[in-house]
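A.B. asks: The lines below spell out each chain.
Number of protein chains: 2
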Amino acid sequence: MNLLARAEQSLASCFEAAIGSGSAPPRLVAAMRHAVFSGGARIRPQLTLSVAIACGDDQPGLANAAGSALELMHCASLVHDDMPAFDDADIRRGRPTVHKAFGEPLALLAGDALIVMAYQVLLNTGHAFPARLIGLMQNMSAGVGLPNGIVAGQAWECEPRADLGQYQRAKTGALFVAATCAGALAAGRDARPWVTLGASLGEAYQVADDIRDVMGLSADLGKPAGQDQLHTRPSAASELGLGGAVDYFQGLIQTAVDSVPACTCRDMLQQLVRHESERLVPSAACAAYRLPNAMPNTAPKFQAATVLQT
Amino acid sequence: MNLLARAEQSLASCFEAAIGSGSAPPRLVAAMRHAVFSGGARIRPQLTLSVAIACGDDQPGLANAAGSALELMHCASLVHDDMPAFDDADIRRGRPTVHKAFGEPLALLAGDALIVMAYQVLLNTGHAFPARLIGLMQNMSAGVGLPNGIVAGQAWECEPRADLGQYQRAKTGALFVAATCAGALAAGRDARPWVTLGASLGEAYQVADDIRDVMGLSADLGKPAGQDQLHTRPSAASELGLGGAVDYFQGLIQTAVDSVPACTCRDMLQQLVRHESERLVPSAACAAYRLPNAMPNTAPKFQAATVLQT
Numbered sequence: 001m002n003l004l005a006r007a008e009q010s011l012a013s014c015f016e017a018a019i020g021s022g023s024a025p026p027r028l029v030a031a032m033r034h035a036v037f038s039g040g041a042r043i044r045p046q047l048t049l050s051v052a053i054a055c056g057d058d059q060p061g062l063a064n065a066a067g068s069a070l071e072l073m074h075c076a077s078l079v080h081d082d083m084p085a086f087d088d089a090d091i092r093r094g095r096p097t098v099h100k101a102f103g104e105p106l107a108l109l110a111g112d113a114l115i116v117m118a119y120q121v122l123l124n125t126g127h128a129f130p131a132r133l134i135g136l137m138q139n140m141s142a143g144v145g146l147p148n149g150i151v152a153g154q155a156w157e158c159e160p161r162a163d164l165g166q167y168q169r170a171k172t173g174a175l176f177v178a179a180t181c182a183g184a185l186a187a188g189r190d191a192r193p194w195v196t197l198g199a200s201l202g203e204a205y206q207v208a209d210d211i212r213d214v215m216g217l218s219a220d221l222g223k224p225a226g227q228d229q230l231h232t233r234p235s236a237a238s239e240l241g242l243g244g245a246v247d248y249f250q251g252l253i254q255t256a257v258d259s260v261p262a263c264t265c266r267d268m269l270q271q272l273v274r275h276e277s278e279r280l281v282p283s284a285a286c287a288a289y290r291l292p293n294a295m296p297n298t299a300p301k302f303q304a305a306t307v308l309q310t
Numbered sequence: 001m002n003l004l005a006r007a008e009q010s011l012a013s014c015f016e017a018a019i020g021s022g023s024a025p026p027r028l029v030a031a032m033r034h035a036v037f038s039g040g041a042r043i044r045p046q047l048t049l050s051v052a053i054a055c056g057d058d059q060p061g062l063a064n065a066a067g068s069a070l071e072l073m074h075c076a077s078l079v080h081d082d083m084p085a086f087d088d089a090d091i092r093r094g095r096p097t098v099h100k101a102f103g104e105p106l107a108l109l110a111g112d113a114l115i116v117m118a119y120q121v122l123l124n125t126g127h128a129f130p131a132r133l134i135g136l137m138q139n140m141s142a143g144v145g146l147p148n149g150i151v152a153g154q155a156w157e158c159e160p161r162a163d164l165g166q167y168q169r170a171k172t173g174a175l176f177v178a179a180t181c182a183g184a185l186a187a188g189r190d191a192r193p194w195v196t197l198g199a200s201l202g203e204a205y206q207v208a209d210d211i212r213d214v215m216g217l218s219a220d221l222g223k224p225a226g227q228d229q230l231h232t233r234p235s236a237a238s239e240l241g242l243g244g245a246v247d248y249f250q251g252l253i254q255t256a257v258d259s260v261p262a263c264t265c266r267d268m269l270q271q272l273v274r275h276e277s278e279r280l281v282p283s284a285a286c287a288a289y290r291l292p293n294a295m296p297n298t299a300p301k302f303q304a305a306t307v308l309q310t
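Chains A and B are the protein sequences, given in the same order.
The opening residue of the first sequence carries number 1 in my numbering; numbering runs sequentially from there.
The opening residue of the second sequence carries number 1 in my numbering; numbering runs sequentially from there.
It is possible that some hints are incorrect.
Any copy will do: because identical chains look the same in the list, a pair fits if it lies in one copy or spans two.
Think about it this way: if two alpha-carbon atoms lie no more than 25 Å apart in a straight line, the pair counts; the simulated SDA-like pairs of lysine to any residue are [claimed, not checked]:
1. Lys100 / Glu159
2. Lys100 / His275
3. Lys100 / Gly61
4. Lys100 / Pro160
5. Lys100 / Cys286
6. Lys100 / Pro60
7. Lys100 / Asp190
8. Lys100 / Arg161
9. Lys100 / Gly251
10. Lys100 / Asp88
None of these hints come from the bench; they were simulated from the model.
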């Protein structure tokens, strides 16, 4: 089975098990399903599974649960980020966002319930492996909560001053680090050699998102473009210029490729990273933006002078 | 040290430890502090500590963490419930609600971060006691998540049909059951003998809240009265009439008192329950509402005929 199919099947099976006895409020369950099963790329669980395989994958069910739990956290964050208090987005992955389809109260609750479900999914499989479970729970909590998880990342948008590097590491990088580390932890291995892969890939995703937002690749994104400028968010594309952001993106991908520790699956993992890089920011587009004076005058300049770059 | 002081000190200490290295976004941390340290009665952690003491309290640090984690979940639910998507409340415990003081984006994130922090607090102390930790995490997840936790309880308000009993058990009862069970689990004991205490006390709190909402005890509540009618919520006071609701409340308190298992602290626990009962719905007020024809004609009748009572 390929990684995407394994990730998708695990997620469906973990989700159904966690829903429980069938007595949950049906519209809440429908809103959660809408949030989770809507054609996501499943990058985070695929990363978890890749690293688990590279580490021996001696408990595949635990790796499946770990990847699924992180994807549930990711989906929860998208539901809340799309709400009127943040992006006020009508469309996500080409479909109505959860609050558009089910209303704001259920969107708020669906996000909350998905956060708790992520822990339930870990517990449901992990209780038989207490030491690994505790590591996985600490790892997931660090990826989501304070001080440097994705919730903190989102919150940097509400601060009068923010460090661009810290913001990006938290907003996207933290859950990617959690994803690679979870693969190692599920297989009973040391997570530390896998931090750089998650961190550089996570930052690359964030930078790619910034680039695509400026390039207006709205249809590809399945969501409205120009959101960063609209919400005056810290953005690598605005900070470095589009050409600079593309260079930075490609450097991060190279760092990710180089960071893969020696293991039987090293080639496969490196290929996966390069493949994702091409999917995110096609190299043809990169080349065009590297030409002298290719930076369009109309490209939005980042407005918040108080955001520092490190 | 009395229970309230122990609960309050534990919460402060667990909160600070979970905030971490000091690099978290300061306004998010301030919003979380505002949500948590605002004069709450700390009923849930006091219940946890009471039961832990009744069960020997051989790991007081773990009982402290378990009670604090549940209080963080309670605070998270209040932050999200107060938001415009639900109650649109300006005041909570006599102070501005989190979204009024910090804006909707930070209120949304503060709630999310508090949910994760609850798990972090359990992990920070519980990792040294894996078997108890896993039980505590399952217990807390059941109290908050699907199928019957407080998030599900809140979601029943968004359903076209709801069972009043299931709604009340989930909306308030679930976290009270989690609170009594957590005390036993933290002390390494069987949680089952403590379910009825939590369930009946939780339902009593919900019924008391309904009664107080109708009686218009706004100043005492520290929040606006009349919210149930305003939001056409299922309510025992509307369903049973005020006199019936008062009788039902007192029956629940008696069930709670009778349910306390034999232990050295039985008298103390029963007294605590009776004391809370008096604080919630003063018996003088109960007596007045039991007089024939005391039910005011102006008392709101519950509008949603589709809500069934069990």
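A.B. asks: Against this structure, judge whether each hint is valid.
C.D. replies: Structure-based check of all given hints:
1. Lys100 / Glu159: Between. Shortest inter-copy distance 16 Å satisfies the 25 Å Cα cut-off; intra-copy 27 Å does not.
2. Lys100 / His275: Neither: 33 Å inside a copy, 46 Å across copies.
3. Lys100 / Gly61: neither (35 Å within a copy, 44 Å between copies)
4. Lys100 / Pro160: Cα proximity of Lys100 and Pro160: across copies only (18 Å, versus 30 Å in one copy).
5. Lys100 / Cys286: Neither. Shortest intra-copy (35 Å) and inter-copy (44 Å) distances fail the 25 Å Cα cut-off.
6. Lys100 / Pro60: neither (37 Å within a copy, 46 Å between copies)
7. Lys100 / Asp190: Answer is neither: 42 Å inside a copy and 44 Å across each miss the 25 Å cutoff.
8. Lys100 / Arg161: between (32 Å within a copy, 21 Å between copies)
9. Lys100 / Gly251: neither (38 Å within a copy, 43 Å between copies)
10. Lys100 / Asp88: both (9 Å within a copy, 19 Å between copies)
Hints 2, 3, 5, 6, 7, 9 from the list above are not met by this structure, while the remaining hints are.
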